[in-house]
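Q: So the chains spell out like this:
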Amino acid sequence: MKLEIRGLTKRFGSFTANDGIDLAIEPGEIHCLLGENGAGKSTLMNMLYGLLDPTEGEILVDGEPVTFASPSDAIAAGIGMVHQHFMLVPVFTVAENVMLGREQTRGAGVLNRKAAADRVRELSQEHGLRVEPDRLVEDLPVGVQQRVEILKALANDAKVLILDEPTAVLTPQEIDELMRIMRDLKARGTSIIFITHKLREVKAVGDRISVIRRGKVVGTASPDASEAELAEMMVGRSVQLRVDKPQAEVGEAVLSVEGMTVVDPRGHQVVKDVSFEAHAGEVLGIAGVQGNGQTELIKALMGLVKPDAGTVRLDGRDITKQGPRKSLAAGIGYIPEDRSHDGYVGTFSVRENLVLDLYRNAEFSRGGALALEAIARNATHRIDEFDIRTESAETPVSALSGGNQQKVVVAREFSRPLKVLIASQPTRGVDVGSIEFIHKRIVAERDQGTAVIIVSTELDEIYALSDRIAVMYDGRIAGVVGPDIPREEIGLLMAGAGPGVAAPAGEEATHE
Amino acid sequence: MSALVEAPPTQDVPQVRDRADVARQIRLVVVFGLALVLLLWMTLDIKDPNVTYLLTEKRSKDSPPKPLDGTWVSWITVAISAVALVLAAVNRYPRRWLGGILSLVVGLSFYAGFLMWAYADQEGFAASIANPLPGTVRIAAPIVLGALAGCLCERAGVINIAIEGQFLMGAFFASVAASLAYSAEMGLVGGIVAGVLMASLLGVFALRYQMNQVVLGVVLVALATGLTTFLAGQIPTDPAVKQYFNDPPILKPISIPGLADIPVIGPALFQQNLLIYVMYGSVVLVTFLLFQTRWGLRVRSVGEHPKAADTVGINVNRVRWQAVLLGGVFAGLGGALYTVGSTGAFDRDASAGTGFIALAAVIMGRWHPVGATFAGVFFGFMWNLQNQLSFAGKLPTELLGAAPYLATIVAVAGFVGRVRPPAADGEPYVKG
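Line by line, the protein sequences give chains Y and U. Each residue of the first sequence is one higher than the one before, starting from 1 at the first, in the working numbering. Each residue of the second sequence is one higher than the one before, starting from 513 at the first, in the working numbering.
Quick caveat, the hints were computed from the structure, so don't treat them as lab data. Remember, predicted model here, so these are calculated numbers, not experimental data. Some clues are possibly wrong.
[Stated by the list, open to error] Once the Cα atoms are required to be at most 20 angstroms apart in a straight line, the calculated EDC-like pairs of lysine to aspartate or glutamate come out as:
| id | chain 1 | residue 1 | chain 2 | residue 2 |
| --- | --- | --- | --- | --- |
| 1 | Y | Lys186 | Y | Asp164 |
| 2 | U | Lys578 | U | Asp560 |
| 3 | U | Lys943 | Y | Asp73 |
| 4 | U | Lys943 | Y | Asp164 |
| 5 | Y | Lys306 | U | Asp560 |
| 6 | U | Lys819 | Y | Glu277 |
| 7 | U | Lys819 | Y | Asp164 |
| 8 | Y | Lys419 | Y | Asp207 |
| 9 | U | Lys819 | Y | Glu103 |
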């Protein structure tokens with residue numbers, strides 16, 4: 001099946017998300033769509049899948065114009081999609097998720113769960129996608145959930161499969177597995193639209209590459225193009241892919257964690273007996289796949305959750321039970337992983353957000369009244385210093401782009417003297433320009449002698465910043481390694497295989 | 513692996529006691545400790561331990577009250593709760609089904625001990641301990657039907673606070689329809705129509721206009737209260753006129769041959785009117801619909817993850833509409849129980865807040881029709897107990913009147929604890 005898009009445009013009010021996009025997907029090719037966060041890739045795909053109506057332009061299947069009023073039209077036309085945020089019902093089994101919408105029945109609308117499970121087994125055999133049909137989706141690791149999503153599309157006889165940022169949640173080994181699956185599907189004649197912002201993956205698996213910037217296709221490239229060329233097309237200017245960073249001058253241990261264990265409300269141990277030290281003038285990277293205890297570890301460090309065992313010491317003083325307010329005052333800077341939830345108040349202005357944890361300082365308030373002038377001066381200064389692109393200091397933070405929202409958080413945390421900086425996913429959903437900027441500031445903070453802890457699920461970020469890497473798996477620190485460790489080895493640690501132990505063939509099965 | 517500077521720790525789980533486990537032990541010790549203290553006090557408080565009991569609900573020639581010496585019953589109940597307390601204190605209280613059974617035994621023994629105390633030392637005319645089951649079923653039936661409506665709505669992601677309103681409208685229009693047609697069965701049709709009408713109001717505002725569903729529910733209850741009171745007030749009290757509007761025939765009890773002859777439970781469960789049997793069937797039907805059919809799978813998917821349902825081509829709002837309207841059928845039938853299913857004519861505020869108890873039953877039953885049924889039966893039991901105890905006169909009636917509501921709060925807060933509602937409960941679905 002050949003899929004063509006001609007002049008597809010989508011406007012939301014005055015904002016143009018997609019502007020006259022032309023694309024042609026040939027049968028049996030892997031077509032990569034490369035673009036930054038917010039470039040308009042997902043909007044385009046949602047139009048292809050019937051979730052959004054195009055403002056202008058047309059979609060052609062085998063030369064015939066089609067309109068997709070809903071996803072069922074798109075599915076009927078042979079389009080399948082694996083969404084960035086999985087569209088799976090967590091409390092349903094794999095078979096129930098695969099059958100949903102096109103249920104096998106025994107007549108009279110009574111479900112035939114056995115037939116559904118058999119169909120899942122059949123498909124998973126055929127495509128080499130191992131899943132157990134009767135497991136609840138919420139109990140599966142994300143890599144397996146993604147396989148379920150792919151099976152869902154295949155169960156509907158998808159001829160064109162859209163994969164929207166599929167590698168964001170996977171370990172390096174799982175990414176290799178996904179690429180094997182993609183090549184396998186291609187060999188059977190399925191076309192794949194592969195959406196990503198990771199250059200290495202595009203080069204590894206793509207047949208053709210279309211680059212999207214600010215809602216427009218700005219060019220096509222072949223996978224032979226260099227990473228630097230691709231990055232330049234994607235961002236619109238030359239990009240420095242590596243962070244310049246001098247040799248670290250490692251000092252004393254500032255923050256030390258000993259025997260930290262956290263039990264979540266459901267009674268699972270999510271952090272298990274974790275101990276480490278963060279030294280002044282050094283970046284400690286905490287790598288690992290999402291959901292291996294990093295979130296809870298950081299919350300426990302900040303005093304946002306009470307650890308069930310273990311201690312946190314700052315300069316030798318026990319701060320385990322003192323709570324976030326005192327920790328912040330004691331010189332811990334905190335960039336939370338979900339900025340819109342924990343980092344800023346969206347309806348507050350940039351000016352107010354810049355003093356969100358500083359307003360108690362004598363500089364910004366006196367006797368219960370805010371010193372509005374000082375706050376305004378601070379805002380002007382920080383907006384300038386951190387290059388925050390905003391209309392004015394009064395603009396609500398929610399109106400800013402992701403990168404600038406994050407700069408507001410970073411600017412605030414960097415505006416007091418720090419002993420320790422804890423940054424969780426500091427560049428998630430942030431454009432390349434802002435990533436460069438934030439990385440530079442983090443390295444500068446390190447060089448001033450701050451102990452920096454970076455939590456990231458992006459290995460590129462871990463490699464770019466860390467002087468030492470701790471890998472978390474299943475709530476533990478699976479190993480602490482130097483920054484020159486090869487990707488494959490760190491991948492094994494992230495997947496729970498101990499060092500020196502090669503991953504056995506059925507490795508995932510043991511962790512499912 | 514030269515880069516490796518530290519070996520990974522061994523794989524045993526750190527020895528930390530789960531906080532939930534500690535909380536459970538504390539809860540058990542407090543509850544059993546309280547039970548033991550109360551039972552001990554009640555046992556010692558009894559001066560004349562002789563009580564009388566009946567196996568039927570009411571005294572009759574066939575079932576005269578039989579005497580019973582309560583002393584040994586009281587002391588056994590004390591012993592049972594003492595054993596449970598010791599088990600909990602040394603953290604050896606069984607888990608899973610064995611723990612459930614033991615808790616049930618402790619609960620029943622507390623009930624028995626309490627009855628001995630409440631019926632002991634009566635002066636003058638002595639009330640007898642009577643079979644609680646028939647009253648329980650009668651009171652629980654509308655709560656169960658309302659809870660089924662709640663389960664259907666909330667499983668589909670629509671919060672239905674308006675069950676009480678559906679009850680009132682169902683009760684009123686069941687009475688009117690039955691009076692007009694001079695047929696109690698026609699009352700069921702009237703109840704269904706009124707329940708579905710209320711459900712469609714819920715649907716229009718919650719699904720079409722995406723109003724806040726909690727506020728909407730409260731408003732609908734107020735509307736139903738006002739409307740039914742007003743309309744009932746417009747019907748003249750002159751019997752010649754009233755008989756055509758609000759003086760319906762009542763559903764007759766139907767005895768199921770064989771089953772009705774089982775002692776104690778037979779008359780309670782199988783000598784009831786048509787609507788009670790409809791209620792039994794509804795529980796089975798709704799459970800089957802939700803968990804074994806294509807429609808049920810879709811209902812649950814739009815309540816848990818509407819976007820996922822949308823991406824496989826399910827029309828989210830259409831499925832929600834269907835679930836809300838079907839819920840209206842059961843809630844309307846529940847309302848009909850308050851008129852044609854029991855006393856006949858509609859009186860203002862006929863359902864007396866039980867719609868909200870049905871809502872609590874949905875939560876206590878963890879959004880499962882069978883669980884909600886058991887919760888409804890529990891509330892019915894508490895209500896019936898309050899009714900029966902008011903004859904014994906040991907506790908002040910005002911306190912007794914509050915007891916079922918108090919039990920609701922304690923049950924929902926204390927024993928159910930944190931439960932997980934359907935993930936998209938109460939969230940309107942907007943495409944895109």
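Q: Confirm or reject each hint.
A: For each hint, the structure was consulted:
no.	hint	in the structure
1	Y:Lys186 / Y:Asp164	holds (17 angstroms)
2	U:Lys578 / U:Asp560	holds (16 angstroms)
3	U:Lys943 / Y:Asp73	holds (15 angstroms)
4	U:Lys943 / Y:Asp164	holds (18 angstroms)
5	Y:Lys306 / U:Asp560	violated (54 angstroms)
6	U:Lys819 / Y:Glu277	violated (43 angstroms)
7	U:Lys819 / Y:Asp164	holds (16 angstroms)
8	Y:Lys419 / Y:Asp207	violated (48 angstroms)
9	U:Lys819 / Y:Glu103	holds (18 angstroms)
The structure fails to meet hints 5, 6, 8 from the earlier list, while all remaining hints are met.
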